[in-house]
Amino acid sequence: MSALLGPLTSFMETVNSLNANYNALSYEELTAMGFVQRLKLYNWTFEMFSVGIVLFMFITYRIGVSMNLSRADKFFDSIHAVLKNNLGFSRVGLATSDPNGRKMYLDQHLHTWFTTFATGRSSISSVNVQLHLFGRNNPVNLSIDFLIGFFLPSLKFDHLEEYCEVILQPNGVYVGSDEAKVNGNANELLGNFKFTTSIVNKSVMTEVRNKNYFLSLTHVTENDKLPREYAFMSETNQLNDFIYKYAKPTFNEEVLAKVTHLLEFISFTDLPAQKPETEQEWNSKQQPRCVIRCKVPTSKKDLKLVNDVVVAAVEVFDNFTKDLVQKSSTVFITPDMLKKTKATRQQELSKIVKNAKKIAAEKALEDKKEAEKEKRRELKKSGNLEKSDQKMKEKRERRLRNKQRTRMQ
Amino acid sequence: MLSPAVTNIAVMLVMMQLSRKIDMEDETNILYIRIAYVSCTVLGFLIYQLVRRKIVATNDLTKLKIVKPKNAMKPNEPEQVEYTTVRDYDLTEIDSAIKSIFTGVAMMGFMHLYMKYTNPLFMQCINPIKSALEHNETKIHLFGNAATGELKRPFKTPSLLDGFMGKPATDAADASKPKIEEISSAEGVKTE
Numbered sequence: 001m002s003a004l005l006g007p008l009t010s011f012m013e014t015v016n017s018l019n020a021n022y023n024a025l026s027y028e029e030l031t032a033m034g035f036v037q038r039l040k041l042y043n044w045t046f047e048m049f050s051v052g053i054v055l056f057m058f059i060t061y062r063i064g065v066s067m068n069l070s071r072a073d074k075f076f077d078s079i080h081a082v083l084k085n086n087l088g089f090s091r092v093g094l095a096t097s098d099p100n101g102r103k104m105y106l107d108q109h110l111h112t113w114f115t116t117f118a119t120g121r122s123s124i125s126s127v128n129v130q131l132h133l134f135g136r137n138n139p140v141n142l143s144i145d146f147l148i149g150f151f152l153p154s155l156k157f158d159h160l161e162e163y164c165e166v167i168l169q170p171n172g173v174y175v176g177s178d179e180a181k182v183n184g185n186a187n188e189l190l191g192n193f194k195f196t197t198s199i200v201n202k203s204v205m206t207e208v209r210n211k212n213y214f215l216s217l218t219h220v221t222e223n224d225k226l227p228r229e230y231a232f233m234s235e236t237n238q239l240n241d242f243i244y245k246y247a248k249p250t251f252n253e254e255v256l257a258k259v260t261h262l263l264e265f266i267s268f269t270d271l272p273a274q275k276p277e278t279e280q281e282w283n284s285k286q287q288p289r290c291v292i293r294c295k296v297p298t299s300k301k302d303l304k305l306v307n308d309v310v311v312a313a314v315e316v317f318d319n320f321t322k323d324l325v326q327k328s329s330t331v332f333i334t335p336d337m338l339k340k341t342k343a344t345r346q347q348e349l350s351k352i353v354k355n356a357k358k359i360a361a362e363k364a365l366e367d368k369k370e371a372e373k374e375k376r377r378e379l380k381k382s383g384n385l386e387k388s389d390q391k392m393k394e395k396r397e398r399r400l401r402n403k404q405r406t407r408m409q
Numbered sequence: 001m002l003s004p005a006v007t008n009i010a011v012m013l014v015m016m017q018l019s020r021k022i023d024m025e026d027e028t029n030i031l032y033i034r035i036a037y038v039s040c041t042v043l044g045f046l047i048y049q050l051v052r053r054k055i056v057a058t059n060d061l062t063k064l065k066i067v068k069p070k071n072a073m074k075p076n077e078p079e080q081v082e083y084t085t086v087r088d089y090d091l092t093e094i095d096s097a098i099k100s101i102f103t104g105v106a107m108m109g110f111m112h113l114y115m116k117y118t119n120p121l122f123m124q125c126i127n128p129i130k131s132a133l134e135h136n137e138t139k140i141h142l143f144g145n146a147a148t149g150e151l152k153r154p155f156k157t158p159s160l161l162d163g164f165m166g167k168p169a170t171d172a173a174d175a176s177k178p179k180i181e182e183i184s185s186a187e188g189v190k191t192e
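Quick note, the sequences are listed as chains A and B, same order.
At position 20 of the first sequence the residue is numbered 20 (full-length UniProt numbering), and the sequence of numbers has no breaks.
At position 39 of the second sequence the residue is numbered 39 (full-length UniProt numbering), and the sequence of numbers has no breaks.
No wet-lab data here; the hints were simulated from the structure.
Any given hint could be a false lead.
To be verified - DSBU-like, lysine-lysine: derived pairs with alpha carbons at most 30 Å apart:
hint: 1; chain 1: A; residue 1: 295; chain 2: B; residue 2: 68
hint: 2; chain 1: B; residue 1: 65; chain 2: A; residue 2: 211
hint: 3; chain 1: B; residue 1: 65; chain 2: A; residue 2: 194
hint: 4; chain 1: A; residue 1: 358; chain 2: B; residue 2: 68
hint: 5; chain 1: B; residue 1: 68; chain 2: A; residue 2: 275
hint: 6; chain 1: A; residue 1: 380; chain 2: A; residue 2: 358
hint: 7; chain 1: B; residue 1: 65; chain 2: A; residue 2: 340
hint: 8; chain 1: B; residue 1: 65; chain 2: A; residue 2: 354
hint: 9; chain 1: A; residue 1: 354; chain 2: B; residue 2: 70
Unchecked claim - Using C-beta positions, here's what the derived DEER-type ranges look like:
hint: 10; chain 1: B; residue 1: 130; chain 2: A; residue 2: 106; range: 54 to 60 Å
hint: 11; chain 1: B; residue 1: 25; chain 2: A; residue 2: 36; range: 50 to 56 Å
hint: 12; chain 1: A; residue 1: 249; chain 2: B; residue 2: 109; range: 56 to 62 Å
hint: 13; chain 1: B; residue 1: 119; chain 2: A; residue 2: 144; range: 30 to 36 Å
hint: 14; chain 1: A; residue 1: 7; chain 2: B; residue 2: 50; range: 35 to 41 Å
If you're wondering where the values come from, they're calculated on a predicted model, not measured in any experiment.
Each residue gets a CB set at the ideal place from its N, CA and C atoms; glycine is no exception.
Using the sequences plus the hints, can you model the full thing?
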């Protein structure tokens, strides 16, 4: 132990030795000196060093915060412009106390988590944009996290990654023009969104399947239609063409092929990201949506690419909802496809129910044991434990005798 | 052919005998040993970096489905399936080899600089280069060997006993080894 503490002890001695001359002076000698003289005599190296560290921490904090804010501003500026001007959302951003002003985003945890919201558009109920950035305000923490992640990847926290996630929720309403009437069967139409189909970047296949329950239920297939960096993850192979059917014909070349370094996955699903534990949870957490997860774009070119993916997802919802509202004969999702996904999900649900029952039975058994223990504790307190034990013993013996008697007969 | 584990032991024994004949107290000898160790480590690191560059340049995005065996401590849990690509699998392997160099350097640094032992530094001189040249990724990407047989992904870890017996590291019937499925790019047709 002394060998390990050796360097620390020698460091402390060095620090103390800085003011050996000053400390060697007696109280009388110090009081005889003036204030300025004492200041001059004292060696301030260690104090200056400490103040330097504090200043360094403060400056890095300010720089880190401003870097995060600048990235967030760039990202949200760009996505807001697209949502408002290109996609025609009527409300983009968050309301403030000022009736005319709108806040661009909300941020939390020392400017590392950002979010914004948009609504008011045909086909789309809402858009939720989330951005997570590194805690650049604390470089020491950041470098420790990096080292732990590098040498011990199993200890790495998921939330340490930088990413942006855009979640679009459909509303089953399609309005082609200002004069068009709103269809009244929106909720009924949303029943056609009960499937999962995704395009996933091959470099993160296992990772995204582990983190997103809706992807863990899918089959992975490669296809010549896709750029080679991606794979399909769909509940049935028939669903693979869903995105291609409703996106623009240039989706592959203009969007997917260019965004390979950013896009992790684009998924149309209604299942939750967290695995449900009970049947109630399974039913309550189903929500049709499109999830787009990307690395954080910083350059103008990358921001445009991420926006293009969002625009493509909105187009898919637009065209699919239009097909459903107009009862088009070429609608891609057929009752047969939904039947297949329903059958697959039924199997998954039965597994969840079985597991939930098992957990409930285990809990009931534990509760029963605990109740018995509690009863014995109370009997012991009241002094009736021996009586009760005697009664139980007599009961057991009586049963044994009865059993033997039955056998004899 | 002897397995790397066996040759490692042989190299270790030879180096141990050689180290007895060197005066480890002599400052000049220590300097030469330090230079030799640092050069070998840097060379090993450079070999791995070269292989890494080759992997990135090859950019083989063939999909791999790796079925990991059940955890013996958790028999009720299902088998884990991992989806990855040849490129990512190779990069993971090479990165873990690079990490092992860093770990080795940290341990040697502690033993030599703090504990003042020079023998381990001398004995570990050859290992970084030897490990780098014997690594499966080096065999595939630097020496151009085909990724079949012992070099089939995922790589098997040969046991020390197998090495002494001269058995190959691969054993298809071994259920404890990860299984792999490669799926061709056309409509998910399984090749194995």
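Item to complete: Against the structure, test the hints numbered earlier, and report the numbers of the ones violated in rising order.
Response: Violated hint (a single one): 6; every other hint is consistent with the structure.
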